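Asker: Sequence:
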Amino acid sequence: MKPDWDKLMTAFKDSATTLIADVDCTADGKSLCEEIGIQGYPSIKHGDPSDLQDYEGARDFEGLKKFAEGLGPLCSPANIDLCDDAKKAKIKEFSALSPAKREEMITEKEAEITKLEEGFKTMLDGLQKQYSEADERKTKDIAAIKESGLGLLKAASAHFKKTSISTEL
Numbered sequence: 001m002k003p004d005w006d007k008l009m010t011a012f013k014d015s016a017t018t019l020i021a022d023v024d025c026t027a028d029g030k031s032l033c034e035e036i037g038i039q040g041y042p043s044i045k046h047g048d049p050s051d052l053q054d055y056e057g058a059r060d061f062e063g064l065k066k067f068a069e070g071l072g073p074l075c076s077p078a079n080i081d082l083c084d085d086a087k088k089a090k091i092k093e094f095s096a097l098s099p100a101k102r103e104e105m106i107t108e109k110e111a112e113i114t115k116l117e118e119g120f121k122t123m124l125d126g127l128q129k130q131y132s133e134a135d136e137r138k139t140k141d142i143a144a145i146k147e148s149g150l151g152l153l154k155a156a157s158a159h160f161k162k163t164s165i166s167t168e169l
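Under my numbering, the sequence shown has 137 at position 137, and the numbering climbs by one with no breaks.
These are computed hints drawn from the structure, not numbers from a lab.
Keep in mind the model is a prediction, meaning the values are calculated, not measured.
Heads up, the beta-carbon is just placed ideally off N, CA and C, and yes, glycines get one too.
A hint or two may mislead.
[Stated by the list, open to error] Ranges between beta-carbon positions, derived for each pair:
#, residue 1, residue 2, range
1, 158, 118, 49 to 57 angstroms
2, 76, 42, 25 to 33 angstroms
3, 92, 41, 36 to 44 angstroms
4, 70, 118, 41 to 49 angstroms
5, 1, 102, 33 to 41 angstroms
[Stated by the list, open to error] Derived BS3-like pairs (lysine-lysine); straight-line CA-CA distance at most 27 angstroms:
#, residue 1, residue 2
6, 13, 65
7, 45, 13
8, 129, 109
Required output: the full structure, derived from the provided sequences and hints.
Answerer: If you want it as structure tokens, here you go:
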């Protein structure tokens, strides 16, 4: 994917409205990656820099380019004219709040997301444990069946098939 991404950055390097960039989350960009919620590599984000969204589309140059060509300004307090009535009403509601109240609400919503992610991880860990235990039981049971004489049974069956065929001729 890296060569296609580099090609995309080159294609959009002079764009006035679209920034295509990359960040090394293992080095100098680590704090930025933590701030915007990067959980795996490679990750692609898009949208308003204060509310980046995960990109789930194609990862080849043509798919990335097609998506990037459709990007542009989004509904936000800075681009209120791009908002529908419902979003304008939400922006008006949020603008009436104190900065401290907005931060409190952001913290609460992010805590809800963290709780959901932790619950999902706990469930996933439980499923992984169940899978490992079931796989271990299966492997042990298969070994027991084989040790009970399956190999000899197959050898005897093959031998007696050959013997009965040759005696019938």
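Asker: Taking the earlier hints as the rules, which of them does this structure contradict?
Answerer: The structure conflicts with hints 4, 8, although it agrees with all the remaining ones.
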